[in-house]
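Student: These are the residues of each chain, in order.
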Amino acid sequence: MLISATWRSTAPVEVTVTSTMTSEPTLYDEILEATPHGERLNLCLQCGMCSGICPYGFAMEFPPRSLIAALRAEELTSALDSDLIWLCVSCFACTSVCPVQIPLTTSLLTTFKAESMLRGKVPSELQAALENTRRYGNTLGESPRRRPEWASHLSPPVPLMAEAKEPVDVLWFVGDYASYHPRSQVVSRAMARLLRALDVNFGILGPEENSDGDAQLLSGEKGLYEMLVLKNGKAFAKYQFKQVVTTDPHAFNVIKNEYPRAGVTVPIQHYTQFLAERLDQLKPLLHRELNARVAYHDPCALGRANSNNIYDEPRQLLQAIPGLELVEMAHNRANTICCGGGGGGNWLDGFVWEQAHARTSEWRVEEAVRAGAEILAVACPYETPRFEDAVKSTGHQEELIVKDIAELLSEAMRD
Amino acid sequence: MDILVPIKLVPDLVEELEIAANGVALDRRFMRLIPSEQDDHALEEALLLKERHGGSVTVITLDTGDTDDTLYTAIAKGADRAIKVTGESFDEGVTNHAASSVLQAAAKDLTFDLILTGAQATDDLDGSTGPLLAARLGLPFVGYVLAVSQEDGGIVVRKEYPGGLVAEMTVDLPAVLGISAAEKPPRYVVTAKVMEAMKTATIEEVAAGDADAQGAAELARMYLPESGERAEMIEGGVDQVADALVALFGKRGLLG
Chain P
1 MLISATWRST APVEVTVTST MTSEPTLYDE ILEATPHGER LNLCLQCGMC
51 SGICPYGFAM EFPPRSLIAA LRAEELTSAL DSDLIWLCVS CFACTSVCPV
101 QIPLTTSLLT TFKAESMLRG KVPSELQAAL ENTRRYGNTL GESPRRRPEW
151 ASHLSPPVPL MAEAKEPVDV LWFVGDYASY HPRSQVVSRA MARLLRALDV
201 NFGILGPEEN SDGDAQLLSG EKGLYEMLVL KNGKAFAKYQ FKQVVTTDPH
251 AFNVIKNEYP RAGVTVPIQH YTQFLAERLD QLKPLLHREL NARVAYHDPC
301 ALGRANSNNI YDEPRQLLQA IPGLELVEMA HNRANTICCG GGGGGNWLDG
351 FVWEQAHART SEWRVEEAVR AGAEILAVAC PYETPRFEDA VKSTGHQEEL
401 IVKDIAELLS EAMRD
Chain U
1001 MDILVPIKLV PDLVEELEIA ANGVALDRRF MRLIPSEQDD HALEEALLLK
1051 ERHGGSVTVI TLDTGDTDDT LYTAIAKGAD RAIKVTGESF DEGVTNHAAS
1101 SVLQAAAKDL TFDLILTGAQ ATDDLDGSTG PLLAARLGLP FVGYVLAVSQ
1151 EDGGIVVRKE YPGGLVAEMT VDLPAVLGIS AAEKPPRYVV TAKVMEAMKT
1201 ATIEEVAAGD ADAQGAAELA RMYLPESGER AEMIEGGVDQ VADALVALFG
1251 KRGLLG
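In order, the protein sequence lines correspond to chains P and U. Just so we're aligned, residue 1 is where the first sequence starts under this note's numbering, counting upward by one. Just so we're aligned, residue 1001 is where the second sequence starts under this note's numbering, counting upward by one.
If you're looking for bench data, these hints aren't it; they were derived computationally from the structure. If you're wondering where the values come from, they're calculated on a predicted model, not measured in any experiment. Hints are not guaranteed to be accurate.
[To be verified] Which chain U residues stay away from chain P? Per the calculated CB distances, all over 10 Å, these:
(1) P1011
(2) G1023
(3) R1029
(4) R1158
(5) P1162
(6) R1187
(7) A1192
(8) G1253
[To be verified] Here are the computed lysine-lysine pairs in the DSS-like style, where the Cα-Cα straight-line distance is at most 30 Å:
(9) U/K1159 to P/K222
(10) P/K231 to U/K1199
(11) P/K222 to U/K1251
Just so it is clear, CB atoms sit at the ideal spot from N, CA and C, and this is done for glycine as well.
Okay, chain U solo, but in the shape it has when bound:
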């Protein structure tokens, strides 16, 4: 099975996020980027499928910055090809609508049976890139997938529903899946292998054509959470906050 895994890079929360002067975006100047967690799971699921059934894994990212490390790490883990799609103003971030159109154009030149994306990215929790890409390619889509197995030319996926329900679905190939969690936690790859990939592997660069961002939501305002009128904010140092919490829990009868 040949599998395509688009990986999105999202803000790394190790650094505090700041809102840009225009008030509708994050300030990306000092932002570090990290692969979105579920995309890492999508890659793991792809590698597990390749180990089980053969085929190939191709990872693809939009060049929004800090991409090379992610791509070389994917190769060190066992991916066969790494593609970086470059485009003007990608480093200012790309909407999911635009990203899906760029990925659609890139996918046209690739052979694949399956596209695995993360079910949703940690930055917008929107989960729209997978279904948009599937719609653009005219392929079936199943989101919130926990496991994939190959059966008689097609695949069977386990999809998670709210309330602890799981459905098994037979899906015709080719298809696009949104992975919530791989069957195993993403693997560790030793640094020596990543360094070797940096020396020996090639990242293929493809220039993006015009992105179609039509339909993307327009951001009116980005702001930090504001406390509601009924919320009581506990101020002070760690000890003061801890004392206040203990007193509060005691008053509500929550402490034995």
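Here chain P stands alone, though its shape is the one from the complex:
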């Protein structure tokens, strides 16, 4: 017999908070106030589902449940001495299964990372990414001037907002990786081709665009995040556009869910949503058959993060490609396994390997191979390079290739 259970209560739980605030707010208070509904931490029943589902929970000294127990017991010394909080890749798995809906990722874990950072316990790889962001506005430490260079030899050129005379329909927020990482740049060029083919009137911010701030916020560097929101908010305010479209799920997540609390509100879609809405227009352009089995990896930031729940649109786009056979991996949709790149994890690969001797990106690649996929389709600029590395390190080069959905669509448009 198959038993299904729903853990979430359907009615919102009323929470009364008795303030224990003295003159100095405690770490507990900070966690409660970090995000809306942070006070739900009081409802923790120590069920341990969070620690069980955490991909690196097995290697953490203090996975979420134990961390809450330590907080309640006011026995924080060992938790704060441990730097294993940095195994948290902000994949929102714990948050999504919590029966009392505690925003564990954005409140508890992020506040602990911030505390760890204040104590100088930030792994050096991530430190470099944060220092780069503060200095250059991008995690990769590249020249801000060169942000639009990925598009420099495209014809017709990708318009910069500063040079566009007219208001545009779509302001494309490209993001750090899609702008600078050589592998992700290939995807950006495919995306530019798709927007052209659909006659979209669009522009990019170029040097005026800064890192979206998702990784900085979720790794606990709130001051840096605020600086980025301010800069991106100013750039948005300068121009006229109907909506923002982004190729980066992290940019989507943070601009949609966090920017408004900092006073920056813009209508935003992930590119898979934007294109899925235009499937009637796009479908006739997809001539070339792709006779391959394709598995789609749901990025955490599009799916379970903040209940963004974008699961169908990417699949609709893939199914529009003639010949393509969509297969599902064992973990999919809200149960996806993180690529390991969120919440600063993209810059913690060395640390994570040292501590856990495991890579979630490799688990994912193994799952795709087991599902019989020949192509692992992705929709996030971190994922193409991350999974391509994992394909190599697991020795599956002959069986599996990694492609962004934008690339697959662009290739299907060729004659």
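Guided by the hints, dock chain U onto chain P, whose structure is given.
Tutor: For chain U alone, coordinates are given in the frame of chain P:
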């Protein structure tokens, strides 16, 4: 222990460097400046010493441009005072001889037990500012220092020599040290603390007197590396260069 840390700002290599029209200097018009890496280590070592033994840390820079951010960041990390020495034509760059004379004049008005500089700056790899400053102040100097500990009114330093040798030396205070690497990598300071320093801390400005640049080398020509006659330059795109390299390594028997 009261420690003085002079910080030099050097060209940030994130932007391509260009040679100025006069052919003897870098074009500084669009150049971004960044603290020299070993100076960052000198600051870290100073902060570690302060945490261990008490005292104070004062950072000092010559106003060659982009200095405020560096000074506020140093304060956010734990430095007590930040001093900016202003001078005419500093923004065109300052030779190490001139810099050491400016620092000597500034140091006269400060109390310190130790001056920590980076062993050498990334722009000239000359390593001369520390020893020049020590000579001008009549103080002992040890360069390429990896660790400093305080012992009975003096200090013991570990100095690195080529070939993996390390020497321990007892040094009388006050002294000048050139730090190659702090005992720990330079710390991260959160943005909120830097912003707070910008709001609450004051950068003290001091005007430089006449700089004594005597003895500085005169630059005859600055140019990009030229390939020698025997060098084979591999041209082309990334893939072509990679293919050529793989073929070359294969031919030399370097690939399994």
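Student: Look at each hint and say if it fits the structure.
Tutor: Here is how each hint holds up against the structure:
1. P1011: Non-interface label on U/P1011 holds, nearest chain P Cβ at 13 Å vs cutoff 10 Å.
2. G1023: 25 Å, holds
3. R1029: 14 Å, holds
4. R1158: At about 22 Å from chain P, U/R1158 clears the 10 Å cut-off, so the statement holds.
5. P1162: Holds: least Cβ distance 26 Å, greater than 10 Å.
6. R1187: Nearest chain P Cβ is 5 Å from U/R1187, so the label is violated.
7. A1192: U/A1192 is in fact no farther than 10 Å from some Cβ atom of chain P, at 3 Å.
8. G1253: It holds; U/G1253 is separated from chain P by about 24 Å at its closest Cβ, greater than 10 Å.
9. U/K1159 to P/K222: Not OK: U/K1159 and P/K222 at ~40 Å, beyond 30 Å, violated.
10. P/K231 to U/K1199: Holds - the C-alpha atoms of U/K1199 and P/K231 are around 19 Å apart, at most 30 Å.
11. P/K222 to U/K1251: Not OK: P/K222 and U/K1251 at ~53 Å, beyond 30 Å, violated.
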